[in-house]
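Enquirer: Sequence:
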Amino acid sequence: MKVNTSPESFMIRDNNYSIISCSPETLIDKRNYKIVTRPIAGTLKRNKNTSLGKAKKFFAKNIKESKEHNMIVDMERNDLSRICRIGSVYIKKLKFVEEYKDLY
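Residue numbers for the sequence shown follow the working numbering, beginning at 157 and rising by one.
The hints are simulated quantities; they were obtained by calculation from the structure and are not laboratory data. Each residue gets a CB set at the ideal place from its N, CA and C atoms; glycine is no exception. Treat each hint with caution, since some may be false.
[What the hints assert, rightly or not] If you anchor each label on the Cβ, the simulated ranges turn out as follows:
hint, residue 1, residue 2, range
1, GLY209, ARG238, 37 to 47 Å
2, LYS213, CYS240, 30 to 40 Å
3, MET167, LYS220, 31 to 41 Å
4, MET167, ASN218, 31 to 41 Å
5, ILE168, LYS248, 21 to 31 Å
6, ILE184, ILE242, 14 to 24 Å
7, GLY209, MET167, 29 to 39 Å
8, ASN218, SER179, 17 to 27 Å
With these hints in hand, go ahead and build the complete structure from the sequences.
Expert: Dropping the structure here:
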């Protein structure tokens, strides 16, 4: 985990097993009575030839990435609707590009 600097890294160690996870996406973040999910659909490797502006253009023009993103957001919304109070699930921010150490 020292090598992989993913923002959502964790390790669970028990007598019988260990779990290590390193991911830039947040599957579930529960704080009090609020649940947040931030799925990632599509990535673009960061290098000297890419920039945040180029990444935004790439994702805006890429139909496959857009459809995949819509599908994953809808799946997460649907899953949360099964366990949350009716009418309480909403999408705060849709289709935005985040910048990480090695990818967009």
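Enquirer: Out of the numbered hints, which ones does the structure contradict?
Expert: none
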